[in-house]
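Going line by line, the protein sequences match chains A and B. Counting in the working numbering, the first sequence runs from 29 upward without gaps. Counting in the working numbering, the second sequence runs from 12 upward without gaps.
Calculated directly from the structure, the hints in this document are not laboratory data. Mixed in with the good hints there might be a few duds.
No more than 20 Å apart at the CA atoms, straight line, and that leaves these computed lysine to any residue pairs for SDA-like [claimed, not checked]:
1. B:Lys42 <-> A:Leu97
2. B:Lys133 <-> B:Leu93
3. B:Lys42 <-> A:Gly127
4. B:Lys139 <-> A:Pro73
5. B:Lys143 <-> A:Ala80
6. B:Lys42 <-> A:Leu81
7. A:Lys170 <-> B:Met12
8. B:Lys139 <-> A:His70
9. B:Lys124 <-> A:Leu39
10. B:Lys139 <-> A:Leu164
11. A:Lys34 <-> A:Gly127
12. B:Lys139 <-> A:Thr155
13. B:Lys139 <-> B:Phe59
14. A:Lys170 <-> B:Lys133
15. B:Lys124 <-> A:Lys34
16. B:Lys143 <-> A:Gly127
17. B:Lys42 <-> A:Lys170
18. A:Lys170 <-> B:Gly58
19. B:Lys143 <-> B:Ala56
20. B:Lys42 <-> A:Ala158
21. B:Lys42 <-> A:Leu128
22. B:Lys62 <-> B:Lys42
23. B:Lys139 <-> B:Ile16
24. B:Lys139 <-> B:Tyr53
25. B:Lys139 <-> A:Tyr69
26. B:Lys124 <-> B:Met12
27. B:Lys42 <-> A:Ala80
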Amino acid sequence: MESIAKVIPLLLRLTLGGVFVYAGLTKVTNPGDFAKDILHYHLIPWPAAAAALAVYLPWFEIFCGLGILLQRLYAGALMAVSGMMLVFTCALASAWFRGLDIACGCFGKTKVDIQTHFPALMARDLTLLAIAVVLLVRVFRKGKAASPG
Amino acid sequence: MTQSIRQMAALLGLALLPALISAGIQWDNLKAATEPGDEISYETALGFGEKILWIDARPSPSYAAGHIDGAISLNEDHWQELVAGFIDEWDDNRIIVVYCDGGGCDASHAVAKRLREEVGVKNVHVLKGGWKALPK
Chain A
29 MESIAKVIPL LLRLTLGGVF VYAGLTKVTN PGDFAKDILH YHLIPWPAAA AALAVYLPWF
89 EIFCGLGILL QRLYAGALMA VSGMMLVFTC ALASAWFRGL DIACGCFGKT KVDIQTHFPA
149 LMARDLTLLA IAVVLLVRVF RKGKAASPG
Chain B
12 MTQSIRQMAA LLGLALLPAL ISAGIQWDNL KAATEPGDEI SYETALGFGE KILWIDARPS
72 PSYAAGHIDG AISLNEDHWQ ELVAGFIDEW DDNRIIVVYC DGGGCDASHA VAKRLREEVG
132 VKNVHVLKGG WKALPK
């Protein structure tokens, strides 16, 4: 029973970290396509801001993913990933609500259309958000237990 | 909590240097991607007169439900089946204007790119605003 309690957080950590490293790597080689995907959401009206985000975000995802996998800057990485997942989920929901016929842009240039795959995309994002929050709460609880008084 | 915020700030900083290097390397790619480029308005397209060949890049059911008069259906989902129909209609004098559902859709750009790269069509434009921008 105790081993299961250790294995589950490990699996969650490897999944979340792995997904973020992979997501960053798929976009880092072609920020142009990612910038287009960002602009298609119509949430950022300035192309220069979309270009800056397209070039920065994949690297931030990679570093956060590595932080989670290697447990370095772990709590900060979990906090950042929770924030990112919250923003991604809201962007996805807003695109679906506005009936935008666009590609997700989540893992580089793949044809994952929001309109047709919305429930699956939403389920995936909410699952990743839940994993990040569970791991973050665990870190805070451990920290509290370890701190004197 | 304060430590977590500090760690997050460190991660934000760590990502900055490779992002700046990447921006330098990929500058042309980024610039080309964020410029409106080959998009034209409906009014401009009408100015092409009889030379225009409309390409409907939306999914086949959307095309079946309604399309611009004379438009040919050509989408990425059924590219192999539909591209032959396009080649039958196309000649070098025609001006191709591709449209998809709205201003935010990517399908028209993707089809325009494939027409240029795979079929060798030179005169290809994308309709700004897509199907939703057409006067009803």
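Original post:
Which of the numbered hints above does this structure break?
Top reply: 1, 3, 5, 9, 10, 11, 12, 14, 15, 17, 18, 20, 21, 22, 23 and 26
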